[in-house]
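Construct the entire structure; sequences and hints are all you get.
There are 2 protein chains.
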Amino acid sequence: MRNKTKLPTMADVANLAGVSSMTVSRALKPDTSVSKSTREKIQKAADELGYVLDTRASEFSSGKSGFVAITIPSINNGNFADTVKAFSDGLAEQDLQVLLGYTNYHVDREEQLVEQLLKKRPEAIVVTGGMHTDRCRLLLENSGIPVIETWDVPEQPIDHVVGFSNLQASELMFEHFIAQGHKKIGFIGGDNSRDSRGRDRYLGFCNTMEKHGLSSERVSFQELAPFSMEPGASGIRSIMKEWPDTEAVMCVSDLIAYGAITECQRMGINVPDDVKIGGFGAYELGQFLNPSITTIDVGAAQIGKFAAEKIIELLSDDGNTKSAKIVKTEPTLIKRQSA
Amino acid sequence: MRNKTKLPTMADVANLAGVSSMTVSRALKPDTSVSKSTREKIQKAADELGYVLDTRASEFSSGKSGFVAITIPSINNGNFADTVKAFSDGLAEQDLQVLLGYTNYHVDREEQLVEQLLKKRPEAIVVTGGMHTDRCRLLLENSGIPVIETWDVPEQPIDHVVGFSNLQASELMFEHFIAQGHKKIGFIGGDNSRDSRGRDRYLGFCNTMEKHGLSSERVSFQELAPFSMEPGASGIRSIMKEWPDTEAVMCVSDLIAYGAITECQRMGINVPDDVKIGGFGAYELGQFLNPSITTIDVGAAQIGKFAAEKIIELLSDDGNTKSAKIVKTEPTLIKRQSA
DNA sequence: TGTATAAATGTTATCGATATCAAAAGCAAG
DNA sequence: CTTGCTTTTGATATCGATAACATTTATACA
Numbered sequence: 000m001r002n003k004t005k006l007p008t009m010a011d012v013a014n015l016a017g018v019s020s021m022t023v024s025r026a027l028k029p030d031t032s033v034s035k036s037t038r039e040k041i042q043k044a045a046d047e048l049g050y051v052l053d054t055r056a057s058e059f060s061s062g063k064s065g066f067v068a069i070t071i072p073s074i075n076n077g078n079f080a081d082t083v084k085a086f087s088d089g090l091a092e093q094d095l096q097v098l099l100g101y102t103n104y105h106v107d108r109e110e111q112l113v114e115q116l117l118k119k120r121p122e123a124i125v126v127t128g129g130m131h132t133d134r135c136r137l138l139l140e141n142s143g144i145p146v147i148e149t150w151d152v153p154e155q156p157i158d159h160v161v162g163f164s165n166l167q168a169s170e171l172m173f174e175h176f177i178a179q180g181h182k183k184i185g186f187i188g189g190d191n192s193r194d195s196r197g198r199d200r201y202l203g204f205c206n207t208m209e210k211h212g213l214s215s216e217r218v219s220f221q222e223l224a225p226f227s228m229e230p231g232a233s234g235i236r237s238i239m240k241e242w243p244d245t246e247a248v249m250c251v252s253d254l255i256a257y258g259a260i261t262e263c264q265r266m267g268i269n270v271p272d273d274v275k276i277g278g279f280g281a282y283e284l285g286q287f288l289n290p291s292i293t294t295i296d297v298g299a300a301q302i303g304k305f306a307a308e309k310i311i312e313l314l315s316d317d318g319n320t321k322s323a324k325i326v327k328t329e330p331t332l333i334k335r336q337s338a
Numbered sequence: 000m001r002n003k004t005k006l007p008t009m010a011d012v013a014n015l016a017g018v019s020s021m022t023v024s025r026a027l028k029p030d031t032s033v034s035k036s037t038r039e040k041i042q043k044a045a046d047e048l049g050y051v052l053d054t055r056a057s058e059f060s061s062g063k064s065g066f067v068a069i070t071i072p073s074i075n076n077g078n079f080a081d082t083v084k085a086f087s088d089g090l091a092e093q094d095l096q097v098l099l100g101y102t103n104y105h106v107d108r109e110e111q112l113v114e115q116l117l118k119k120r121p122e123a124i125v126v127t128g129g130m131h132t133d134r135c136r137l138l139l140e141n142s143g144i145p146v147i148e149t150w151d152v153p154e155q156p157i158d159h160v161v162g163f164s165n166l167q168a169s170e171l172m173f174e175h176f177i178a179q180g181h182k183k184i185g186f187i188g189g190d191n192s193r194d195s196r197g198r199d200r201y202l203g204f205c206n207t208m209e210k211h212g213l214s215s216e217r218v219s220f221q222e223l224a225p226f227s228m229e230p231g232a233s234g235i236r237s238i239m240k241e242w243p244d245t246e247a248v249m250c251v252s253d254l255i256a257y258g259a260i261t262e263c264q265r266m267g268i269n270v271p272d273d274v275k276i277g278g279f280g281a282y283e284l285g286q287f288l289n290p291s292i293t294t295i296d297v298g299a300a301q302i303g304k305f306a307a308e309k310i311i312e313l314l315s316d317d318g319n320t321k322s323a324k325i326v327k328t329e330p331t332l333i334k335r336q337s338a
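Sequence lines, in order, name chains B and H. 0 is the number of the first residue of the first sequence in numbering that gives the first Met the number 0; add one for each residue after it. 0 is the number of the first residue of the second sequence in numbering that gives the first Met the number 0; add one for each residue after it.
Hints are computed from structural coordinates only; laboratory data are not their basis. Treat the numbers as computed from the prediction; the structure is a model and nothing was measured. Zero decoy hints are in this set.
Identical copies carry no separate label here, and so any pair may be met within one copy or between two of them.
Computed cross-link-like contacts, DSS-like style, restricted to lysine-lysine with a CA-CA straight-line distance of at most 25 Å:
{"#": "1", "residue 1": "28", "residue 2": "119"}
{"#": "2", "residue 1": "119", "residue 2": "43"}
{"#": "3", "residue 1": "210", "residue 2": "334"}
{"#": "4", "residue 1": "240", "residue 2": "182"}
{"#": "5", "residue 1": "210", "residue 2": "183"}
{"#": "6", "residue 1": "119", "residue 2": "63"}
{"#": "7", "residue 1": "334", "residue 2": "182"}
{"#": "8", "residue 1": "5", "residue 2": "324"}
{"#": "9", "residue 1": "63", "residue 2": "118"}
{"#": "10", "residue 1": "118", "residue 2": "43"}
{"#": "11", "residue 1": "118", "residue 2": "40"}
So, in structure tokens, the structure goes:
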């Protein structure tokens, strides 16, 4: 069934319109010098044949692919979605498309994905996080295109960075707890070996506790493969069972906090009167829950916007102007009802 | 900066390894006849040069692109994410990649997107919904590849369909309301001109009301551009203000229901005692909210899975075997606390 | 009207891989 | 060591568009 009838090519259109295929090529682009009459003639021929440009040939011939690759950990995550949306919007004016890939929080999967993406010769690549396999790092370094690491500030950046310190960001929440006089503080996170951002948020917990001479034992690490709400429920159950006098808990994301808060309600524990619960990421659902979720806003959309701007700058650049290698966004605490 | 140093090509690898580029091409694929020793030699040369295959050239030369296009209305929507995930997983074994595009619930945007995607010569295309502009329909019909419409059962399908009747699905909820003895029933939806699935759910409301001789006036249509929770809050406010004796309301999605339920809580209205609220789509967050959200499960993942299977079948097909043009999934009511 | 300049169109070579066919090398059996 | 087969490798044409350059046609102005 498929490909039985071969699709029309530019030469077919040229034939029908009685011009050369080069003229067709020009007529189909917006800003080239083709007379109005021939352009109309060609447009008519193209419509008649149902001609659709083959960008594979086009990209191959012109040498530029017209798109930028971006990898994010998970498709179903409002935060990364915000980043991607702002990123796409920022690149749209430059006629650059976005090719998206999901690592599922696995560095091995990331390596595989990055290789796949590079094979398509993007004009730049954006990756989430600063933790990569050695080979992935090498691939990116040798790619010959701008590389931007986001959502993190790696110690040894590959190239450019648009991110923030997850460690410092999570400290905001713990300092907030402590300023309210709490001492028995806990943390619910995920598998730190897979998610370096989650790990840094946990380190922020440890640092702050240590700084104030408090115990950092009240932790629960849950399997949160498809980063979700259930683990928040099990996490808070486990913490409240082992340390019933816990006063405040920060969760590695708002989705976890959502699971934890709603589970508290089911257990008859009042949030925030009995225990305070903080989230991370300023997801929309946290704003509407009762109690609304106190959280850390990391400026997800801003990251995407900045990354897009940087890419536009780097691509238009003739290699002279030096732009900042590292752009930091400023996480802020959003005080709401839950903590 | 970019492209300054040209990336190595297959010919470079061939040179270094002392073979022809054709042999390199073969060695880099898994199942071709190349002797073990030369394959190792070539692999070594490729690694040394940091060679990465240029799929643009590869696809162009071989004539197949190796990917399938899919359009969905919104990136940040758990339901469509589920469909896409199942779809990707289903195609992964066939070495088919997925190229994703977002229509933002606009048919004009869809037309533009479909054209963009077709330019890249996918091997098949999946679109969400059965409402298209005339030109978009034409583009799809002339594309020469399998087309699958999903999440809907159009009256005049373009080619293949994997979907369900949104009308019948929403009737499940209204019949559920009525079976509980309710008569004063409402609906919160969005802009029907943009979202045909939402419109069909609304029609399901009207049909059921009419069938039982009830009024279908209690409706609120909200602007829900980035399909979200706030509109649920305003929607329920407006309905409860105008018709305070409303007994049950269905929302066009769980996200809207979430906004509506939490707003009720803030207004001191008890759900489900004072008013019952139903959602649509079986989103994860509805399962954990107190009260948990009664909803319609449309089998989002199943749609993706079926679509993938159909594509594999159609692509491997020699054009003989006739497969069903229309595959329907069976929406079910998930009875929880809110209704 | 002729010359200078700009605009419109055509010609040819090319991007990097693979399909296809041809040739060489390896191998088994007599 | 020769014949006949399989396996491995190579040479060449080709996919469809565009870059770069060449040429023709239109336009302006003296």
